[in-house]
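Peer 1: Order-wise, the sequence lines are chains A and B. Numbered according to our numbering, the first sequence spans residues 1 to 449. Numbered according to our numbering, the second sequence spans residues 1 to 161.
These aren't lab readings, by the way, just hints derived from the structure by calculation. Only a predicted model underlies this, so the values are computations on that prediction, with no experimental measurement involved. Hints should not be assumed to be uniformly reliable.
Claimed, not checked - Only some residues are given here: those of chain B computed to face chain A with a beta carbon under 8 Å:
1) 5
2) 6
3) 8
4) 15
5) 59
6) 64
7) 109
8) 118
9) 122
To be verified - Here are the computed lysine-lysine pairs in the DSSO-like style, where the Cα-Cα straight-line distance is at most 30 Å:
10) 146/B - 283/A
11) 195/A - 52/A
12) 10/B - 379/A
13) 141/B - 295/A
14) 10/B - 432/A
15) 283/A - 50/B
16) 141/B - 285/A
17) 121/A - 50/B
18) 306/A - 379/A
19) 71/B - 78/A
20) 71/B - 188/A
21) 285/A - 379/A
22) 42/B - 188/A
23) 71/B - 426/A
24) 42/B - 121/A
25) 50/B - 140/A
26) 10/B - 140/A
27) 379/A - 42/B
Where is the CB? At the ideal position from N, CA and C, for every residue including glycine.
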Amino acid sequence: MAAPEQRRIIFAHINEPGYSNDISCYVRHGGYEVLKKAVTRKPEELIEEVKKSGLRGRGGAGFPCGVKWGLVDRKSGKPIYLIVNADESEPGTFKDRYIMHQDPHQLIEGTMISCFANNVKQAYIYIRGEMPHGARILEKAIAEARAAGFVGQNILGTGYSCEIYVHRGAGAYICGEETGLIESLEGKRANPRIKPPYFPAVLGLYQCPTIVNNVETLCHVKYIVEHGGEAFTKLGTPNNTGTRIFCVSGHVQRPGYYEFEAGKITLGQLLNEVCGGPLPGRKFKAVIPGGSSAKILRFGETFTLKNKDGSTRTLAVEDIPMDFDTLAACGTMGGSGGVIVMDDTVNMVEALANINAFYSHESCGQCTPCREGSLWMKKITTRMVHGNARTEDAALLKSVADQIPGRTICAFGEACSWPTQSFLAKFGDEFKGYAEAKPTKPAPATPLI
Amino acid sequence: MNLKPATLQKIDEVITHYPVKRSATLPLLHLIQEDLGYVPEKAEEWIAAKLEIQPINVYEVVTFYPMFRRKPIGRRHIKVCRTLSCALMGGYKTCEQFEQEFNTHRGEVSPNGEVTVDFVECLASCGTAPVVMIDDDLHEKVDCAKAKQLSEQIKAEAKKR
Ligand code: FES
Numbered sequence: 001m002a003a004p005e006q007r008r009i010i011f012a013h014i015n016e017p018g019y020s021n022d023i024s025c026y027v028r029h030g031g032y033e034v035l036k037k038a039v040t041r042k043p044e045e046l047i048e049e050v051k052k053s054g055l056r057g058r059g060g061a062g063f064p065c066g067v068k069w070g071l072v073d074r075k076s077g078k079p080i081y082l083i084v085n086a087d088e089s090e091p092g093t094f095k096d097r098y099i100m101h102q103d104p105h106q107l108i109e110g111t112m113i114s115c116f117a118n119n120v121k122q123a124y125i126y127i128r129g130e131m132p133h134g135a136r137i138l139e140k141a142i143a144e145a146r147a148a149g150f151v152g153q154n155i156l157g158t159g160y161s162c163e164i165y166v167h168r169g170a171g172a173y174i175c176g177e178e179t180g181l182i183e184s185l186e187g188k189r190a191n192p193r194i195k196p197p198y199f200p201a202v203l204g205l206y207q208c209p210t211i212v213n214n215v216e217t218l219c220h221v222k223y224i225v226e227h228g229g230e231a232f233t234k235l236g237t238p239n240n241t242g243t244r245i246f247c248v249s250g251h252v253q254r255p256g257y258y259e260f261e262a263g264k265i266t267l268g269q270l271l272n273e274v275c276g277g278p279l280p281g282r283k284f285k286a287v288i289p290g291g292s293s294a295k296i297l298r299f300g301e302t303f304t305l306k307n308k309d310g311s312t313r314t315l316a317v318e319d320i321p322m323d324f325d326t327l328a329a330c331g332t333m334g335g336s337g338g339v340i341v342m343d344d345t346v347n348m349v350e351a352l353a354n355i356n357a358f359y360s361h362e363s364c365g366q367c368t369p370c371r372e373g374s375l376w377m378k379k380i381t382t383r384m385v386h387g388n389a390r391t392e393d394a395a396l397l398k399s400v401a402d403q404i405p406g407r408t409i410c411a412f413g414e415a416c417s418w419p420t421q422s423f424l425a426k427f428g429d430e431f432k433g434y435a436e437a438k439p440t441k442p443a444p445a446t447p448l449i
Numbered sequence: 001m002n003l004k005p006a007t008l009q010k011i012d013e014v015i016t017h018y019p020v021k022r023s024a025t026l027p028l029l030h031l032i033q034e035d036l037g038y039v040p041e042k043a044e045e046w047i048a049a050k051l052e053i054q055p056i057n058v059y060e061v062v063t064f065y066p067m068f069r070r071k072p073i074g075r076r077h078i079k080v081c082r083t084l085s086c087a088l089m090g091g092y093k094t095c096e097q098f099e100q101e102f103n104t105h106r107g108e109v110s111p112n113g114e115v116t117v118d119f120v121e122c123l124a125s126c127g128t129a130p131v132v133m134i135d136d137d138l139h140e141k142v143d144c145a146k147a148k149q150l151s152e153q154i155k156a157e158a159k160k161r
């Protein structure tokens, strides 16, 4: 079956010749019209539209945005904060960078609409420290929007005021976790907070109710308020509404970003048709479908899933529709939309050693199972790659990985153990045979660790 | 500490962005590091006094976030992405190429003081792997040939100084 056409909503103007990131260009393309209309409506109505839309957070967890907003404690008498999570750090993910660099006003408009809907008076954009240009572009864009009356005091003459500031991170992946991000914004180490009691919606920034939304999610809010929640549900598939941006990297002919209606494209169509298939003379071996913490899929494996009517269907990796629910049913996740492809030249022990090095570097260190476990998984896999594999390594790795999830304050515990667990489950033979096979293996052309 | 007047002005401005002064810790560290090239120990005390917190509160932040450094580095900072998508496309080789070009080893200042080559984690540009940041600028699809070319450029710029 031929792949569907891209449906560019959020990325409508990305890499469009002649489109620039200044406000005049944005306004020429109809920018800020949605905000103008939004501020004449009741905030509750806007929240209702977002609930109706079924929009699910695009940062990784896929939590419904309207539900998140619904949880905000509006009776506390404390100010409500909104934080834009622009700390794009999940390996394999590179969508927010384009929005912030090339279409920053889209994000600002989405943010202001969301602030108005939730009676937020102060918003922060927490951007990755490694995007200094992005931070400058956003600051310039906010200043332009402020001068035009879209941000700041007395917005569009309505009496509603809301300020946005850009806050730069400093290279710590854990700041993508919302309570870690909040700690970081308070000027501390980004050690995530324990939930309960520290649900951001109730006890977030400065112990005030706080909404943390992903860049892409807030852009979708703008679309939803413009076209209505109902219209948004017409895009995509039930429970996976709207569009989804996929970031494809690794061993394909045409890596890059692609926006499709959620769930309308299969993994096979995305990789083979849209991205042009494997590199010449190679074959696909494995794919991580939702950022590097998502569990890996092995080409050739099949999944038997239950249909609603009780019957079953069998899917190959290529047949999996790219939506949150089917990917979850196949034991992995849609996550951040970062699809990392590996072909038959890749040594899976090396690939895992690379991922483990990332997670051990990024563990915040406050929970022992994660801090120690991620380090040991890195040490073991690195040792294996460097010619010191032992027969018991596969079992040892599994035992370390199995003792982390569920025993940590935040989901990083899961994120760091899923790769090891899934690599062992899917490519166990490569790990088991490593101690014996290693001495005869030539040095790889492309080392991964 | 000898901070430029422009830095001091930005520092006073940014503190007003937050209802709680401590929140300005990261912005102040960025501003000072941009001005001085690194965060000297004195800066930790200075920031603490400025934000009415304890020096340890600043120290624990400096030592937590990978982007802050407590020692000077080379004049140019070459950061090669180490993470999976870049590694799959040859990131390790790219890093080696830079090391060779400047006769250095990652994490160290090159003998002539010109560069520091570092491995960093995913720079959120995985679709154009391998990627490298030189100071504030992102460079895409940096294979060994392009690494060589970028190195030549850095060397030429150094000569002009
Ligand atoms: S892995 Fe290098 S930019 Fe993401």
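Peer 1: Run every hint past the structure and note whether it holds.
Peer 2: How the hints compare with the structure:
no. : hint          : verdict
1   : 5             : violated, 20 Å
2   : 6             : violated, 15 Å
3   : 8             : violated, 19 Å
4   : 15            : violated, 11 Å
5   : 59            : violated, 11 Å
6   : 64            : holds, 4 Å
7   : 109           : violated, 19 Å
8   : 118           : violated, 11 Å
9   : 122           : holds, 4 Å
10  : 146/B - 283/A : holds, 27 Å
11  : 195/A - 52/A  : holds, 27 Å
12  : 10/B - 379/A  : violated, 43 Å
13  : 141/B - 295/A : holds, 27 Å
14  : 10/B - 432/A  : violated, 57 Å
15  : 283/A - 50/B  : violated, 59 Å
16  : 141/B - 285/A : holds, 23 Å
17  : 121/A - 50/B  : holds, 26 Å
18  : 306/A - 379/A : violated, 39 Å
19  : 71/B - 78/A   : violated, 42 Å
20  : 71/B - 188/A  : holds, 21 Å
21  : 285/A - 379/A : holds, 25 Å
22  : 42/B - 188/A  : holds, 19 Å
23  : 71/B - 426/A  : violated, 44 Å
24  : 42/B - 121/A  : violated, 36 Å
25  : 50/B - 140/A  : holds, 27 Å
26  : 10/B - 140/A  : holds, 15 Å
27  : 379/A - 42/B  : violated, 36 Å
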